[in-house]
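Asker: Chains as they are written, first to last, in full-length UniProt numbering: chain A, 1 to 407; chain B, 1 to 407; chain C, 1 to 407; chain D, 1 to 407.
These are computed hints drawn from the structure, not numbers from a lab.
Each statement offered as a hint is correct.
Estimated spans, in silico, between C-beta atoms of each pair:
| hint | chain 1 | residue 1 | chain 2 | residue 2 | range |
| --- | --- | --- | --- | --- | --- |
| 1 | A | Glu110 | D | Glu110 | 51 to 61 Å |
| 2 | C | Gln113 | B | Glu211 | 49 to 59 Å |
| 3 | C | Thr182 | D | Ser406 | 23 to 33 Å |
| 4 | B | Arg256 | C | Asp139 | 51 to 61 Å |
| 5 | D | Lys5 | A | Pro149 | 19 to 29 Å |
| 6 | A | Gly359 | D | Glu72 | 52 to 62 Å |
| 7 | B | His363 | D | Gly111 | 27 to 37 Å |
| 8 | A | Ala367 | C | Lys5 | 26 to 36 Å |
| 9 | C | Lys225 | A | Pro149 | 39 to 49 Å |
| 10 | D | Gly3 | B | Ser406 | 48 to 58 Å |
Just so it is clear, CB atoms sit at the ideal spot from N, CA and C, and this is done for glycine as well.
Number of protein chains: 4
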Amino acid sequence: MAGEKGKVCLAYSGGLDTSCILVWLIEQGYEVVAFIGDVGQEEDFEAAREKALKIGACKVFVEDLKEEFVKEQIFPAIQANAIYESVYLLGTSLARPIIARKQIAIAAQEGCQFVSHGCTGKGNDQVRFELAYYALKPDIQVIAPWRLPEFYDRFAGRKDLLAYAAEKGIPVAQTTAKPWSTDENLFHISYEAGILEDPNDMWKLTVDPEEAPNTPERITISFEKGIPVKVVNHNDNTEVTEPVALFTYLNTLARRNGIGRIDIVESRFIGVKSRGCYETPGGTILRTAHKDLEGLTLDGHLRAQRDQNITVPYSRCLYNGLYYSPECEFLAQSIPFTQRNVTGDVKVKLYKGNTIIEGRVAHGDGAKLYDMIESSMDEHGSIVQSDATGFIKTHSIRLKKFTPASQ
Amino acid sequence: MAGEKGKVCLAYSGGLDTSCILVWLIEQGYEVVAFIGDVGQEEDFEAAREKALKIGACKVFVEDLKEEFVKEQIFPAIQANAIYESVYLLGTSLARPIIARKQIAIAAQEGCQFVSHGCTGKGNDQVRFELAYYALKPDIQVIAPWRLPEFYDRFAGRKDLLAYAAEKGIPVAQTTAKPWSTDENLFHISYEAGILEDPNDMWKLTVDPEEAPNTPERITISFEKGIPVKVVNHNDNTEVTEPVALFTYLNTLARRNGIGRIDIVESRFIGVKSRGCYETPGGTILRTAHKDLEGLTLDGHLRAQRDQNITVPYSRCLYNGLYYSPECEFLAQSIPFTQRNVTGDVKVKLYKGNTIIEGRVAHGDGAKLYDMIESSMDEHGSIVQSDATGFIKTHSIRLKKFTPASQ
Amino acid sequence: MAGEKGKVCLAYSGGLDTSCILVWLIEQGYEVVAFIGDVGQEEDFEAAREKALKIGACKVFVEDLKEEFVKEQIFPAIQANAIYESVYLLGTSLARPIIARKQIAIAAQEGCQFVSHGCTGKGNDQVRFELAYYALKPDIQVIAPWRLPEFYDRFAGRKDLLAYAAEKGIPVAQTTAKPWSTDENLFHISYEAGILEDPNDMWKLTVDPEEAPNTPERITISFEKGIPVKVVNHNDNTEVTEPVALFTYLNTLARRNGIGRIDIVESRFIGVKSRGCYETPGGTILRTAHKDLEGLTLDGHLRAQRDQNITVPYSRCLYNGLYYSPECEFLAQSIPFTQRNVTGDVKVKLYKGNTIIEGRVAHGDGAKLYDMIESSMDEHGSIVQSDATGFIKTHSIRLKKFTPASQ
Amino acid sequence: MAGEKGKVCLAYSGGLDTSCILVWLIEQGYEVVAFIGDVGQEEDFEAAREKALKIGACKVFVEDLKEEFVKEQIFPAIQANAIYESVYLLGTSLARPIIARKQIAIAAQEGCQFVSHGCTGKGNDQVRFELAYYALKPDIQVIAPWRLPEFYDRFAGRKDLLAYAAEKGIPVAQTTAKPWSTDENLFHISYEAGILEDPNDMWKLTVDPEEAPNTPERITISFEKGIPVKVVNHNDNTEVTEPVALFTYLNTLARRNGIGRIDIVESRFIGVKSRGCYETPGGTILRTAHKDLEGLTLDGHLRAQRDQNITVPYSRCLYNGLYYSPECEFLAQSIPFTQRNVTGDVKVKLYKGNTIIEGRVAHGDGAKLYDMIESSMDEHGSIVQSDATGFIKTHSIRLKKFTPASQ
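Please work from the sequences and hints to get the whole structure.
Answerer: Structural data, given as structure tokens:
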């Protein structure tokens with residue numbers, strides 16, 4: 001009987017995989033509520049809605065999550081300088097909690113006992129989705145078809161999915177498979193695959209630095225307590241302040257100036273290495289500018305504590321899908337204190353892949369830390385230089401008792 | 001009587017400051033041994049030697065320290081991904097221990113009770129030099145003229161030094177002062193000043209990215225256990241392997257492609273913020289390439305430990321002049337283990353300020369970590385996907401008992 | 001002229017040193033406001049007040065700081081499990097910020113340009129006091145007589161102080177010097193000296209465990225969010241809840257049961273090692289009980305983050321006198337989140353130096369983490385045991401690619 | 001056919017569980033090699049050998065692992081001050097790698113394709129054994145009966161095992177089950193259970209502190225580079241030096257003085273909390289003495305680095321069964337450097353549960369760090385006290401720019 005096994009809220013993309021999953025779930029005896037989270041990916045959401053209904057979803061929810069994505073995830077990550085393995089800006093990791101939270105909310109509202117997704121059994125996203133599900137609704141049950149032998153044995157390759165789609169009347173847009181798996185949102189796009197034959201084939205968001213304009217663009221980004229609040233383009237006087245618009249505008253600038261591409265090998269949570277290529281245009285500019293403003297406004301000892309004890313483990317929590325965990329919330333809640341004085345403007349030049357800092361100014365209490373006279377090598381300022389003698393001699397007390405091995 | 005107060009080994013640069021100090025020390029009753037450490041700065045060492053003798057040094061030592069600088073400091077810093085406050089590659093910090101060690105060796109050999117330097121009383125370099133001196137030779141006595149009221153009160157400004165030089169017959173090369181203080185070595189050049197009126201005025205090592213060639217250069221850097229051992233330029237088949245030559249060649253490549261400039265505000269050890277501009281051409285390429293190869297060859301958990309618990313505190317020790325300290329040697333000696341498998345080649349494209357990774361391959365045990373089939377989203381490989389269910393469910397046990405605050 | 005140099009607020013103890021300093025300051029031309037902070041030390045405060053006035057103080061403030069000491073310093077340190085070098089519970093470090101803050105408040109109120117204290121130039125307390133002074137009132141000026149040659153040359157030994165006291169009519173209570181320096185407050189007493197001939201001579205607060213009662217006492221300590229809120233003595237049904245009374249009562253219990261003595265060598269901030277003996281009676285019980293309740297109520301991953309990234313650096317900040325610093329406030333403000341669920345009761349047996357945990361129970365959300373059935377080796381509970389296979393196999397993926405060195 | 005499925009090396013204890021497993025494995029078609037690792041547990045190994053043969057093992061190996069356990073695991077853990085969640089000394093965790101390594105060696109030598117153990121599916125030991133197996137021999141296959149539904153469904157309770165034993169002629173020694181699961185070795189014994197009705201029932205190794213002698217025992221423990229090399233008992237002049245004998249002797253002393261009991265709730269790797277009671281007699285004395293000697297001989301900054309960045313994560317790796325992992329070996333190999341100067345003697349008083357330090361002396365370079373004169377508050381020594389002024393004022397530079405929140 002249709003729906004006899006219960007009701008599933010499926011994270012639906014409109015693509016081949018989740019369309020087949022939707023139909024397969026119905027075939028297995030579930031009623032399916034399709035949920036499409038708009039986190040800024042390029043997608044025809046209305047077409048996806050219609051497709052879901054056409055192939056059997058009892059209800060479809062298309063939810064605009066962009067604002068909460070920017071405010072609750074992207075900006076806090078910028079505040080924390082979040083980065084995984086010193087290179088990856090965590091674009092996919094940041095979007096997953098927002099999507100999972102809304103999916104769980106819809107599941108609760110629609111009385112679904114189950115949630116489902118189309119992630120494979122080898123990646124990080126299954127972990128990110130499911131740990132969020134379980135933390136947010138401990139009694140939820142998860143159906144992960146790509147980890148079920150009855151599913152993955154039946155759909156061993158792409159052509160099995162296409163055959164199933166043909167059989168079940170699932171409309172298929174693309175006819176040739178891309179050789180990589182992608183994830184796109186407002187913050188980034190990812191390409192993952194074992195081999196990427198021609199890397200230049202895939203980049204989608206950004207122009208190649210070699211093809212970017214020969215004339216740089218100059219902008220000023222203003223931060224309040226570590227949050228970007230205004231971008232001004234000095235080339236054309238554009239000014240944006242609303243969070244989503246601001247971030248989207250930075251994306252536009254970065255894209256046309258070839259900023260934000262990386263090609264890496266990373267360590268997945270489940271213990272395998274994978275190659276990933278990422279475009280994070282606006283985020284790359286923001287992170288560079290934010291770090292620079294911290295140079296001016298953040299006490300050095302506080303920065304050292306934060307860099308070692310918060311940024312590294314926090315980034316790892318995010319990557320590993322532990323956003324809704326006691327340790328991640330602990331780390332997250334500690335960050336705003338560090339940003340109290342990170343208020344000011346950063347002047348940035350964008351040029352052919354480069355984000356070049358050209359100046360910065362602090363406002364408020366953060367402005368007290370830098371004193372041109374005090375730091376000058378030529379001026380005496382308020383520091384009595386002879387104090388340094390006591391400082392050095394006191395530090396030398398224990399060093400004089402130490403026999404260097406590397407002498 | 002000349003030299004009645006004892007013998008001083010002075011770190012001598014040939015410039016106005018240390019020339020005045022040399023003469024002033026003699027005037028105070030010291031005998032002066034001048035020591036010039038060649039760590040790759042652009043300098044006419046023979047002219048400096050003659051000048052020192054001419055103005056009264058009893059002996060002059062010009063020591064080529066480039067090889068030990070590259071092998072003992074630069075390459076280990078690359079292995080550790082050393083970086084201060086997420087931006088500064090520590091060029092000055094790395095050279096100081098090498099210079100101090102030789103200065104102390106000469107002081108010991110020449111029977112000097114004192115060492116002296118021309119660093120100001122507000123900077124990091126006084127600390128770096130003196131902590132190294134005291135650790136290496138606990139009974140050494142330090143004369144830091146810029147911290148002595150009898151010196152800094154007498155030489156309140158540059159014109160007092162010039163007047164003194166004129167009076168004492170000290171040859172003066174440059175007649176107009178640069179508005180910044182610089183430090184140059186094989187690894188980098190620094191410019192520090194309260195204000196930098198026209199930033200484009202100072203850059204010396206690198207071309208402006210806007211003026212770099214329109215055609216990229218492609219190279220391959222080979223590492224053995226994290227140490228660069230070969231660079232091949234695919235544009236012209238140049239190949240270099242000897243450490244100093246290799247590093248110098250990377251400098252050449254980076255300089256002409258506009259790579260390695262930064263403009264930052266940093267936290268000095270003594271607690272003041274200062275603005276610094278740095279050019280670290282070859283080091284910037286090497287660090288990027290090394291990090292990339294680690295992505296392929298370094299276990300993720302080991303990398304996480306190293307990033308948090310070694311790289312951050314190690315970089316801080318280096319910056320703060322604690323190279324010869326128990327904690328810094330402890331951190332340093334732990335690093336080679338992490339590099340056992342960091343062996344392979346990294347393909348890099350250099351283009352107008354960008355260091356772009358275009359591929360990498362591992363050799364030896366490090367090659368085992370990445371398995372294209374295993375990580376592929378489309379292939380099953382050796383991982384039974386259903387294991388991930390147990391992995392996720394086990395991780396969820398504690399999360400189900402947690403009530404997220406950010407729900 | 002009397003007071004011509006300005007007004008000093010002196011941290012006054014009533015003892016020989018600070019009495020001589022008080023008179024000496026007047027002699028130097030300062031007007032002196034004496035400030036006595038009552039942090040629970042055994043002292044005749046009224047006698048000290050009269051003595052200060054008698055020897056020339058223009059005003060005397062005796063301030064009861066016990067409640068703020070307990071609530072703002074002791075209890076938060078218990079919440080954080082603060083400990084220095086794995087042994088020292090930081091009794092002196094915790095009291096200093098409370099004393100300094102009040103001293104600065106009085107200095108401001110009384111229009112003092114200066115503050116002064118009787119700490120020596122080799123210890124931690126000078127640092128703790130002065131860093132707090134400067135952070136709280138950056139324009140304050142500090143007079144530290146024991147670091148001034150004109151003072152320490154004049155008072156080279158105790159007999160010089162006694163002679164001065166006799167000359168100036170300063171009443172002297174004790175005639176023979178104790179061979180150690182002590183600091184006492186509600187939390188602890190310290191004894192520091194190069195050599196302690198007969199260690200059993202000095203212990204003051206606690207009985208020797210060998211002389212403690214043969215019958216144990218059993219108590220229950222209740223915590224709310226990591227703060228002790230009630231102590232019940234099961235031997236006699238005593239029950240206390242008010243913070244100062246509760247802590248004082250724990251002191252009483254610990255003292256008579258011989259709990260809280262340590263004898264250590266520690267690393268002072270200024271780089272020398274010193275031997276210290278400490279009695280921290282009530283604090284020792286509280287710390288043990290609090291850690292135990294955390295075992296039951298604190299998520300393991302959160303505890304790991306806190307133990308490594310907060311407790312260690314936070315304790316070091318406290319020890320080094322950096323209480324009023326950006327990094328210490330940052331660490332401190334992160335702690336309450338960890339204590340949200342640390343609510344419950346701990347049963348403790350006190351016996352001849354031992355604090356023995358005999359049981360614990362959690363209240364509220366913290367009670368969810370432990371589930372007797374779930375953890376039992378004999379019962380199945382809610383965990384599907386076969387999930388562990390997937391957990392282990394997934395963890396083994398990367399280990400299978402690793403060649404152990406210690407094989 | 002007997003053994004048709006291949007050959008299994010089973011970690012055998014001689015108890016009911018592993019005896020039933022042995023027989024069950026044969027029943028399933030495996031040939032079974034029994035392996036008994038002697039890590040110091042109280043056991044009749046010859047009786048266990050005979051029992052294994054009697055019930056069907058094709059071969060039995062009884063291996064004395066005590067010396068490698070002491071030298072490769074216990075002493076390095078003492079050097080590192082290893083401790084889990086600030087209370088547990090890791091007794092079981094330390095023995096597992098030694099047992100697993102030998103089991104894998106026997107499996108390789110005997111041509112076993114499989115290894116097996118009797119650990120449950122809810123505990124840490126399954127993880128510790130299996131991660132070691134996979135790291136040491138990636139192609140090994142693991143049979144964990146307590147995670148196999150065909151096993152755990154059949155043997156739902158203890159009486160099913162007893163019935164099976166009766167049916168199969170497996171001799172059963174104990175007739176009544178203890179309400180807890182235990183693990184014993186030279187270092188410790190553990191008791192784990194959901195509820196412990198009468199805690200005093202179980203303690204086996206140590207006397208109750210209340211019943212320990214009224215007269216203390218005084219000993220001196222000598223360390224060389226952090227390794228205990230001699231114990232002298234001053235009450236009777238006993239002296240031991242050989243590693244296993246030394247550790248066994250410390251156990252004897254601690255047991256009779258009631259030292260080493262703890263009762264805790266801990267966080268298992270798989271995410272559940274469990275209650276554990278442990279007796280770690282000799283290890284408790286050694287850890288206390290070693291930490292004390294480090295106070296005297298270990299530089300404070302090095303100690304801080306080690307405490308935060310090594311001890312905490314290293315202990316967690318050990319607990320989680322990651323001994324044979326890149327990160328654990330990395331942490332382990334960093335430790336000997338810290339112990340270079342931890343050489344000297346510690347005087348300890350043992351009394352009714354207490355390990356009381358009564359003095360310490362350093363030998364070699366470690367003796368340089370403590371200087372009685374230097375640290376004395378009354379003597380000037382080699383430190384010019386006025387240097388402290390410069391030290392404090394330099395530290396205050398950044399603090400003066402900070403506005404404390406807790407003012």
